[in-house]
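Chemist: All chains, full assembly: derive it from the sequences and hints.
Given next are the chains, with one letter for each unit.
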Amino acid sequence: MSARPLALSSRIPARVAHAGLLWPSLGVILAFMVAPIAIMLTYSFLVPGAYGGVEWTFSTAAYEQILFERDFLDDSLTFTPDYLIIVARSLLQATVATLLCLVISVPTAYYIATRPDRVKNIWLFLITIPYWVNLLIRTIALLFVLRDDGPINSALIDVGVIGQPLALSYNGFAISLGLIYSFLPFMVLPLYSAFERFDFRLLEAAYDLYASRRVAFFRIVLPVMRPGLIAGSLLVFIPSVGSYLAPDILGGGKTLMIGNLIGTQFQAARNWPFGAALSMILLTITLIVLFWLARRAAQQQMN
Amino acid sequence: MKKSAIFAALLASTSAVPASAAGDLFIYTWGEYTPPEMVEKFEKTYGVKVHIDTYDSMETMLAKLKSGAGGYDIIVPGHDTMTILIGEKLLEPINVSAMPNYQHVDEMWRDVFWDKGRLYSAPWAWGSTGLAVDRDIVKGDDTSLKILFEPDDAVKGKINMLRDVNDVINMALRYLGKPRCNDNPEDLKAVLDLLTTQKQFVKSYNSETKELLVSGEAAVSMSWNGYAMRARDERPSIEYIYPKEGYTGWMDNVAVPKGAPDIENAKLWINFIMDPENAAMITNYARYANGIKGSEAFVDKALAGAPELSPPESAPAPEFLTACTPAVTKLYDRVWTKLLR
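So the sequence lines, in the order shown, correspond to chains U and W.
Using this note's numbering, the first residue of the first sequence is number 1, and each one after it goes up by one.
Using this note's numbering, the first residue of the second sequence is number 1, and each one after it goes up by one.
Read the hints as simulated data drawn from the structure, not as lab findings.
Glycine included, each C-beta is placed from N, C-alpha and C at the ideal position.
A few of these clues could be false.
Between beta-carbon pairs, the in silico distance windows are [unchecked claim]:
#1 W:327 - U:296: 45 to 53 Å
#2 U:103 - W:245: 48 to 56 Å
#3 W:183 - U:287: 35 to 43 Å
#4 W:67 - U:294: 32 to 40 Å
Modeler: The structure is reproduced here in structure tokens:
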């Protein structure tokens, strides 16, 4: 009996009792993920209420609005690139952020993973310190650093390198920097754990067998690193696509990303169905990326 | 929001609140708008704990109320939103005009078009949405919106616009001499062209105008008068301008949302804020005029003659707008999306 401490009573089979342990997490997923998504999906097929909210009439207008609009002048249904441009910008910003995070994180993670244990922990601790502070506060802090009278511009002007402040804030550059700054540790940590598990004797063996550095990297290191790379890239890409704060605060509200567009629809535009439809699009983009990576990973294994 | 309410409760419980608190009062209002000393005085007088949550736009508040989030006893909607809230039956009729302190309300703010006979709301503060300019950079005494829409070289790249669809489009419509709440496609095309041309000179679309003006990042900014005065405190070269093409006037009103947990405490608060001495605290803190007679006696001397609180003779009268129709809102949103895409 003592070997099966989790079986609630001898009459309930252990398998059933263990399945029961899943209920709390299933409940959380149902209540906080499935239900909200179901509400969003429903709302996206309704008609906007006059001052926010929805009216219970079925309509696909919200989805049509993403690609078409009634013309200002003659009311004809014409193609509009407005929303596609915003979606494309979001994807571009997220891709750039992911790639740059990758470039920064690989050497960082390698360095940390190859330190002695005690030093390793200090580095990991330093990486996580910024996460003790709320993302909003960190984003505003970054704005203070970048702005015209911030420390970077002030220092450069004092030294005499520049006469006028550099345009570091309120533009696409600031948004990119914000995304990288926000999500960098999500890349460093999975990569670190991949390097950590890596058996460096394999690399020595490869060199002993006359592998070039290139071959050793692609044939030995990369396959072992792949899960970490994929996990890190997803963890940076997904929140970046839907990012709201970076374009809002660092971009000065001058260009919208899909997150801001969704926010606007629930507030000033009072078009909840369109906001819901955009959220479904964002969700679909995320799922496509996930499935694509999952399929590639499966193919890799078969090879 | 709930979290901050709990946090506020924790803070309040350590301050000077009598142990025999007669319940709570949950206020949902604009940020930096409610004087702490006023809250303290109310808590001491009535033994009610006050909790404050803030919003940054009418849309945020409206979306939250419409989504069914209850729990607030007091909200502070702008006059144009009052029309929507009353129309959508989202307010409790509390008969403000029958309250003892209603006698102090200025005639001008009694029979207002957004709340005839003051059944639902009391005046909190009123002000205008004009321009704040840095006179070190914008020379002269021009009061035209040209400063904003067709800027001189010195101002290019140093312009801030409020992040508010209606305020921005209304200001553009005034510059073009077109009517407000406009659903004429030709006029809106002209507005979009004007704003798109201007955008290359715009630093940001941001409602934190004070920060931008004080730091010198914005030389010209759309601004509320009270914010402009606070900016002037920290940077004396800031001047608030009442544009000669016209500008928006607004009044924020204290009202009780439907289903408020404690209507009696809400009424206590509303009567309390109509007292001249208390209303003066609003002006001293938030730097906006209140609508209460006799409050002048308690307003800081430095504020009495401030240009931000009293428009010059030459300025046009503020325009109090009603909320635009849903059709206009939809068109405005399209202009906004095309501008920021």
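Chemist: For each hint, tell me whether it holds in the structure or not.
Modeler: Taking the hints in turn, this is what the structure says about them:
Under the hint 45 to 53 Å, the C-beta atoms of residue 327 (chain W) and residue 296 (chain U), about 48 Å apart, fit the expected range. Evaluation of the 48 to 56 Å hint for residue 103 (chain U) and residue 245 (chain W) yields a pass: the beta carbon distance comes to about 51 Å. Under the hint 35 to 43 Å, the C-beta atoms of residue 183 (chain W) and residue 287 (chain U), about 39 Å apart, fit the expected range. The hinted window of 32 to 40 Å between residue 67 (chain W) and residue 294 (chain U) holds, with their beta carbons roughly 35 Å apart.
The structure is consistent with each of the numbered hints, conforming to all of them.
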